[in-house]
Every structure is written in C-alpha cells, then in structure tokens.
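Chemist: Just so you know, the sequences run in chain order A and B. Numbering that gives the first Met the number 0 applies: residue 0 is where the first sequence begins, and numbers increase by one. Numbering that gives the first Met the number 0 applies: residue 0 is where the second sequence begins, and numbers increase by one.
FYI, nobody ran anything at the bench for these hints, they're computed from the structure. In this text, all values refer to a predicted model and were calculated from it rather than measured experimentally. It is possible that part of the hints are untrue.
What the hints assert, rightly or not - Quick look at which bits of chain B chain A covers, simulated, 3 or more residues with Cβ under 8 Å:
(1) 46 to 59
(2) 93 to 102
(3) 111 to 119
(4) 164 to 173
(5) 232 to 238
Virtual Cβ for every residue (Gly too), placed ideally from N, Cα, C.
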Amino acid sequence: MDLGPHAGFIIASYGLCLLTVLALIAWVRIDKANQERALKELADQGISRARPDQGRN
Amino acid sequence: MAFWDYANPTRFLKLVQVLLPWLVGLCVATFAIGLYMAFFTAPEDYQQGDTIRIMYIHVPSAWLCMMCYTVMSISSIGTLVWKHPLADVSAKSAAPIGAAFTFMALVTGSLWGKPMWGTYWEWDARMTSVLVLLIMYLGLMALWRTMDDPIKAGKAAAVLTLVGALNLPIIKFSVDWWNTLHQPASVVRLDGPTIHSSQLWPLLVMALAFTLLFFVLHLMAMRNEVLRRRVRALRMRAASVSRPATASASAQPAE
Numbered sequence: 000m001d002l003g004p005h006a007g008f009i010i011a012s013y014g015l016c017l018l019t020v021l022a023l024i025a026w027v028r029i030d031k032a033n034q035e036r037a038l039k040e041l042a043d044q045g046i047s048r049a050r051p052d053q054g055r056n
Numbered sequence: 000m001a002f003w004d005y006a007n008p009t010r011f012l013k014l015v016q017v018l019l020p021w022l023v024g025l026c027v028a029t030f031a032i033g034l035y036m037a038f039f040t041a042p043e044d045y046q047q048g049d050t051i052r053i054m055y056i057h058v059p060s061a062w063l064c065m066m067c068y069t070v071m072s073i074s075s076i077g078t079l080v081w082k083h084p085l086a087d088v089s090a091k092s093a094a095p096i097g098a099a100f101t102f103m104a105l106v107t108g109s110l111w112g113k114p115m116w117g118t119y120w121e122w123d124a125r126m127t128s129v130l131v132l133l134i135m136y137l138g139l140m141a142l143w144r145t146m147d148d149p150i151k152a153g154k155a156a157a158v159l160t161l162v163g164a165l166n167l168p169i170i171k172f173s174v175d176w177w178n179t180l181h182q183p184a185s186v187v188r189l190d191g192p193t194i195h196s197s198q199l200w201p202l203l204v205m206a207l208a209f210t211l212l213f214f215v216l217h218l219m220a221m222r223n224e225v226l227r228r229r230v231r232a233l234r235m236r237a238a239s240v241s242r243p244a245t246a247s248a249s250a251q252p253a254e
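Start from the sequences, fold in the hints, and give me the full structure.
Modeler: In structure tokens form, the structure reads like this:
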C-alpha cells in the first residue's frame with residue numbers, strides 16, 4: 000500500500016494513537032489487578048464486606 | 000428493575016460483567032471494519048492526498064474528547080444535585096480517558112497540519128481551546144489526587160468541571176466565531192455534511208469505534224474506582240477497629 004509522500008506523518012499518527020490506546024488499556028488492567036490484590040489481602044486478614052453476623056444462623 | 004437501581008455499585012459491577020465482553024467484541028469488530036475502510040476503500044482526497052487518512056482518527060478523537068467532557072459535566076450535575084452514588088465515580092474515571100483522546104486529537108492534528116498547513120502548531124482559537132481542554136483534564140486529575148476523601152474531592156472537582164464546561168461551546172463554535180486556520184465543521188452542520196459519502200462512511204464507522212472504545216474503557220475504569228473505594232472503606236474500618244485496642248494498650252502502666 001502506497002501512502003504517498005506524507006506516509007511518515009500518517010504512520011506516526013496511527014502509531015501514536017495505537018500507543019495511547021494501549022497505554023489506556025494497560026492502565027485499567029493494572030489498576031484492576033492492584034485493587035483486586037488489595038481486596039484479597041484484606042480478605043486474608045479477615046477484613047471483608049461481609050457483616051460480622053453473616054454466615055451464622 | 001428500574002434504570003436508577005443500577006446506581007447501586009454492586010448491581011453496577013454485575014451489569015459491567017455482563018456488558019463488557021459484548022462491548023469489547025463490538026468495539027474490536029467496528030475498529031477492524033473502520034480501519035479497512037480508512038485504508039482500502041476510502042479514496043485519496045484531491046487536495047490532501049493520502050493525508051486525509053489521518054482525519055479518520057483525528058476527527059473521532061476530537062469528537063470524543065468533547066463527548067467525554069460532556070459525560071463528566073452531566074456526572075458532575077449528578078454529584079452536586081442528586082448525590083448519585085456513581086456520578087462522582089463516573090466523572091473521576093472519565094478524566095484520564097478524556098485527556099488521552101484530547102492528546103490524540105492534538106497530536107494527529109499537528110501531524111496533519113505540518114504537510115497541509117506547513118506548521119505543526121498555530122495559536123488559533125480551535126487549537127488553543129482544545130489545548131485548554133487538555134489542561135482542564137490534567138488539572139481535574141490533579142485535584143482528585145490532592146484530597147484523601149473522595150466525596151470532598153468529588154464535589155470540588157464537580158464544581159471545577161462545570162466551570163470548565165464553558166470551554167465546550169468555545170471549542171465547537173471557535174471556527175465560526177473567529178477567523179481560524181482550522182477549517183469549519185464539515186460533518187455536523189445544519190445543511191448536512193459536505194464530505195463525499197466515500198470519505199464520510201469510514202469517518203462515521205471510525206467515530207462509532209472510538210465511541211465504543213470510550214464506553215469500554217469508561218466502564219472498566221469505573222469498576223476499578225468502585226473497587227478502590229471498597230479497599231479504602233475496608234482499610235478505614237480495619238483502622239477504626241484496631242485503634243481503640245492500640246490506644247488502650249498504650250494507656251497501660253509501663254511496668
């Protein structure tokens with residue numbers, strides 16, 4: 000595919016957009032992993048959202 | 000179940016879990032079609048040549064950076080007026096995504112401007128007002144980080160967001176109100192688009208793909224923010240339980 004004399008500008012535009020979108024995806028995924036790890040650590044310490052009387056009859 | 004019931008964060012998380020895979024699939028498919036049209040079916044422009052292909056990412060980024068701020072403004076009204084549980088979460092989560100879209104709009108516009116206008120940057124009204132929008136996004140992200148209490152930070156940010164919303168009509172109408180280097184609107188016009196359909200369709204499909212990308216990222220970021228607030232609440236609860244014990248232990252005689 001021939002993008003003409005300004006191919007460098009076109010490729011740079013799409014490349015920078017791709018990098019920005021990948022950075023956004025990495026941000027949300029890493030953030031999710033961090034929050035889930037923190038919740039798991041708290042749950043391991045016995046701190047969870049369940050009420051103290053939950054599970055008893 | 001009424002729409003407002005999804006204001007409950009737990010119900011919202013369940014809804015996200017169901018919606019997200021479908022939205023991701025739709026987003027990827029729309030991008031595949033849009034990029035194929037942008038590179039293989041859309042013709043060169045008689046003046047711009049192949050650089051028109053930059054428009055297929057520049058214009059959707061520019062639309063989305065404004066739409067994202069509109070979402071933040073509506074969420075801010077929800078925070079201030081109705082104290083909606085997810086409104087503040089929505090506004091905070093949208094800011095980094097809006098900043099990224101604004102950055103993409105500025106960079107791709109600049110890379111299009113060099114071969115077409117002979118300059119990467121001009122301090123004209125459209126470009127300057129979009130740069131102000133980027134600064135607003137960064138300022139709001141900084142404001143949220145300066146306060147520990149998310150509720151207080153959310154209220155302050157909501158006020159600032161609504162003040163910043165004044166910039167949106169300035170961005171939209173800057174090309175009509177002032178004599179700018181940036182061309183006037185050619186798609187969203189009262190008398191209809193002035194672009195040929197062979198170039199309009201790829202643009203609309205790419206705009207749909209970018210919109211879906213925004214919703215996917217926004218839902219994911221909102222889910223993270225709900226989890227972050229749960230972590231904070233649990234840590235505070237743990238601290239409040241352990242503090243009286245620590246205090247009573249320190250009050251014991253040294254011997």
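Chemist: Are at least 3 residues of the segment 232 to 238 of chain B within less than 8 Å of chain A when you compare beta carbons?
Modeler: This one holds; 4 residues, not fewer than the three required, reach chain A with a Cβ under 8 Å.
Chemist: Verify the coverage statement for the segment 93 to 102 of chain B against chain A, using a C-beta to C-beta distance below 8 Å and requiring 3 or more qualifying residues.
Modeler: holds (count 4)
Chemist: Counting residues of the segment 46 to 59 of chain B that have a beta-carbon nearer than 8 Å to any beta-carbon of chain A, does the count reach 3?
Modeler: Coverage by chain A holds for the segment 46 to 59 of chain B (7 residues, Cβ < 8 Å).
Chemist: Per the coverage rule (Cβ-Cβ under 8 Å, at least three residues), is the segment 164 to 173 of chain B covered by chain A?
Modeler: As far as the segment 164 to 173 of chain B goes, the hint is violated, because 0 residues have Cβ atoms under 8 Å from chain A.
Chemist: Please check whether the segment 111 to 119 of chain B has three or more residues whose CB lies within less than 8 Å of a CB on chain A.
Modeler: n = 3 at 8 Å, threshold three: holds.
Hint compliance for this structure: hint 4 is the single one not met.
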